[in-house]
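Residue numbers (our numbering), protein chains in the order written: chain U, 1 to 463; chain S, 1 to 145.
No lab work stands behind these hints: they were computed from the structure. Take the hints with a grain of salt, since some may be wrong.
Stated by the list, open to error - Below are the SDA-like pairs computed for lysine to any residue, each with C-alpha atoms no more than 25 Å apart in a straight line:
1. K198(U) <-> N144(U)
2. K67(S) <-> R261(U)
3. K25(S) <-> A275(U)
4. K198(U) <-> E114(U)
5. K25(S) <-> N271(U)
6. K88(U) <-> R64(U)
7. K25(S) <-> R261(U)
8. K25(S) <-> N144(U)
9. K67(S) <-> R205(U)
10. K67(S) <-> E228(U)
11. K25(S) <-> L255(U)
12. K362(U) <-> E324(U)
13. K67(S) <-> E114(U)
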Amino acid sequence: MQHRRTIVASILILVILACTVDLAFSPAVGCCLSGRSSSSAVPLITETLLLSCIALAAVAAAVRFREAGAQTSRRLEEAREEAKRLLKVIDNTSAVIYLRDSDGRYLLVNRQYEELFAIRREDIVGLTDHDLFPPAMADDFRANDLKALAHGSPIQMEEIAPHADGPHTYITVKYPIVDATGRAYAICGISTDITELKRAEERARQLNTELEQRVRDRTAELEASTRELDAFAYSVSHDLRAPLRAVAGFSEVLLEDYADRLDKDGREYLNRVLAATDRMGGLIDDLLDLSRAARVELARSPVNLSQLSEHVVAELRAAEPDGERSVEIRVEPDLKAFGDPALLRLVLQNLIGNAWKFTAKKPDARIEIGSAAGDGEQVFFVRDNGAGFDMRYLDKLFVPFQRVHSFDEFSGSGIGLAIVWRIIARHGGRVWAEGEPGAGAAFHFTLPPRGDEGAAEASREAR
Amino acid sequence: MTNAPILLVEDRPDDALLTRRAFAKAGLGDRLLVVSDGEACLAALLPEEGMPRLSPAFVLLDINLPKVGGLDVLRQIRADERTRHLPVIILTTSAERRDIRDSYRFGANSFVRKPVSYAEFAETVRVLSAYWLAVNQPCPPDPAC
Chain U
1 MQHRRTIVAS ILILVILACT VDLAFSPAVG CCLSGRSSSS AVPLITETLL LSCIALAAVA
61 AAVRFREAGA QTSRRLEEAR EEAKRLLKVI DNTSAVIYLR DSDGRYLLVN RQYEELFAIR
121 REDIVGLTDH DLFPPAMADD FRANDLKALA HGSPIQMEEI APHADGPHTY ITVKYPIVDA
181 TGRAYAICGI STDITELKRA EERARQLNTE LEQRVRDRTA ELEASTRELD AFAYSVSHDL
241 RAPLRAVAGF SEVLLEDYAD RLDKDGREYL NRVLAATDRM GGLIDDLLDL SRAARVELAR
301 SPVNLSQLSE HVVAELRAAE PDGERSVEIR VEPDLKAFGD PALLRLVLQN LIGNAWKFTA
361 KKPDARIEIG SAAGDGEQVF FVRDNGAGFD MRYLDKLFVP FQRVHSFDEF SGSGIGLAIV
421 WRIIARHGGR VWAEGEPGAG AAFHFTLPPR GDEGAAEASR EAR
Chain S
1 MTNAPILLVE DRPDDALLTR RAFAKAGLGD RLLVVSDGEA CLAALLPEEG MPRLSPAFVL
61 LDINLPKVGG LDVLRQIRAD ERTRHLPVII LTTSAERRDI RDSYRFGANS FVRKPVSYAE
121 FAETVRVLSA YWLAVNQPCP PDPAC
């Protein structure tokens with residue numbers, strides 16, 4: 001077809017050319033054409049040549065025109081192919097893609113859109129969201145379209161659209177499409193269904209809320225039980241000691257004022273009552289210390305453990321009923337720590353008190369209070385050469401009421417080391433022990449330096 | 001040594017009896033006056049206008065008391081011009097830090113914990129009385145009062 005047209009055009013041009021040449025040689029026409037005198041043949045030839053050139057140019061133009069036509073149709077073909085490819089791309093995604101003009105009328109939707117909203121792309125062209133969705137929803141979509149138009153570049157938003165199982169949430173990107181003059185004539189929207197994500201997010205949020213509530217409940221319970229413990233300890237300190245003091249007091253009065261009216265056995269029994277009240281008093285005090293170690297707010301300040309140790313040693317020596325006991329006690333000077341002085345005193349009272357007690361049967365008793373550089377921290381220790389303990393019982397050592405020695409052998413409530421453990425744990429430090437039966441024991445502990453007390457609160461569950 | 005009485009505020013009869021005996025052993029049995037609650041203590045120390053006022057050498061005050069608690073009694077003693085300088089010794093079974101702190105904050109002169117052992121307690125009472133009666137210089141009476 002194309003070829004035939006070209007051939008016809010070529011023939012036509014040749015005919016015109018032939019006529020022109022003929023006319024050129026006819027003087028009248030030639031004159032008319034050239035506008036000159038017909039007496040000379042030279043201009044005529046020139047004119048002929050000129051006309052030939054025009055004819056040739058026309059042929060060339062015709063050929064170019066033909067080529068241009070071919071190019072245009074090729075481009076059209078290519079564009080059509082490209083459109084098909086692009087359609088394939090937008091049709092094979094799980095996202096919903098649509099193109100609306102600046103008035104909100106649909107230009108194009110992808111297959112996902114067709115399937116989701118049960119409408120064919122041929123049918124949707126020209127419709128608006130108000131023809132398809134509930135008014136409020138359509139208003140939102142339109143508002144977002146206008147926002148994208150005004151913004152001039154892609155913007156992102158969340159949109160809600162109806163779905164068979166209820167409203168679904170989409171994350172949508174919208175951007176204006178501009179023509180060659182820069183005028184925005186359409187909006188493209190790409191919406192991805194994030195309903196599952198949203199639901200998971202909501203579930204996570206709900207779980208979090210529940211968890212927070214549970215933590216609040218537990219904390220309240222814990223606070224309530226701490227208050228109960230507080231009240232209990234207070235009542236132990238007041239109400240339990242009071243009758244005990246009466247028992248001890250009146251037994252002593254009996255022994256003092258009525259000793260002559262009691263026989264030897266009677267006096268012996270009363271002495272046993274007194275010894276028992278004494279033990280019970282000590283037990284109550286230790287229990288109070290234990291609960292106090294867990295309850296009281298830590299009031300930290302720089303503490304000189306050497307001075308505290310010296311005081312404890314002096315107390316022990318003073319309390320010795322049979323005068324001086326020969327114990328060699330070495331306290332390393334200037335042991336500096338940071339903690340609650342009253343509680344750390346309790347730690348030393350228990351550790352040094354134990355060392356004092358368990359060296360009672362040693363002729364060359366030795367107690368050493370000092371420190372050593374541990375793994376990047378200072379490790380304090382109280383060491384003795386007393387009765388020691390079997391390392392097999394290590395895990396019983398810091399548990400309340402667990403004793404590794406029989407009561408007949410060494411007296412004690414079995415709470416002392418539990419108190420030590422609690423106090424050190426509340427300070428954020430560690431405590432451990434080494435021992436060998438008959439060779440002695442060593443108790444080590446660490447205390448976090450000043451400015452590093454945060455760890456203490458973390459270990460408060462140790463309470 | 002003054003001849004003024006010693007006022008003990010103690011609600012437990014057992015404790016009152018034992019304390020009385022401890023004072024008797026220290027030779028101060030006739031000096032001890034015992035009231036059994038905070039209200040009675042305040043009525044004796046801070047009576048209404050025209051009523052006779054008790055002016056003890058010092059007060060031994062428990063914390064856990066019926067009607068008006070010990071710390072409340074202490075506060076009222078310190079708030080009144082007539083008893084502002086009266087020595088008050090807290091004598092209690094408690095060794096709670098909070099009690100000790102509050103006692104001093106409200107103006108106690110001393111805090112003594114009752115030991116379980118009666119012998120120790122009797123000794124404590126003897127030393128305590130000796131200090132507050134013989135060693136301590138009481139505040140001279142204000143000429144304005």
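Given the hint that K362(U) pairs with E324(U), test it: the Cα-Cα distance must not exceed 25 Å.
-> 14 Å, holds
Below or equal to 25 Å on CA atoms is what counts here, so check K198(U) against N144(U).
-> 20 Å, holds
Is the straight-line distance between the alpha-carbon of K198(U) and that of E114(U) 25 Å or less?
-> Holds: K198(U) and E114(U) sit about 24 Å apart, inside 25 Å.
Agreement of K25(S) and A275(U) with the hint, judged by alpha carbon distance not exceeding 25 Å = Cα-Cα ~23 Å, so holds.
Has the given pair, K67(S) with E228(U), been kept, meaning a C-alpha gap of at most 25 Å?
-> 23 Å, holds
Restraint check for K25(S) with N144(U), where alpha carbons must lie at most 25 Å apart | Not satisfied, since the Cα-Cα distance of roughly 97 Å exceeds 25 Å.
Pairwise hint evaluation, R261(U) against K25(S), where the allowed Cα distance is 25 Å at most | Status holds; Cα separation ~20 Å.
Is K67(S) close enough to R205(U), meaning Cα to Cα at most 25 Å?
-> Violated, at about 52 Å.
When you check the alpha-carbon spacing of K67(S) and R261(U), does it fall within 25 Å?
-> Not satisfied, since the Cα-Cα distance of roughly 42 Å exceeds 25 Å.
Keeping to a limit of 25 Å between CA atoms, is the pair of K25(S) and L255(U) held or broken?
-> 15 Å, holds
Restraint status (C-alpha distance of K88(U) to R64(U) at most 25 Å) = Judged against 25 Å, a Cα distance of about 36 Å means the pair is violated.
Would the pair K25(S) and N271(U) pass a check requiring their Cα atoms to be no farther apart than 25 Å?
-> 21 Å, holds
The structure shown violates the earlier hints numbered 2, 6, 8, 9, 13.
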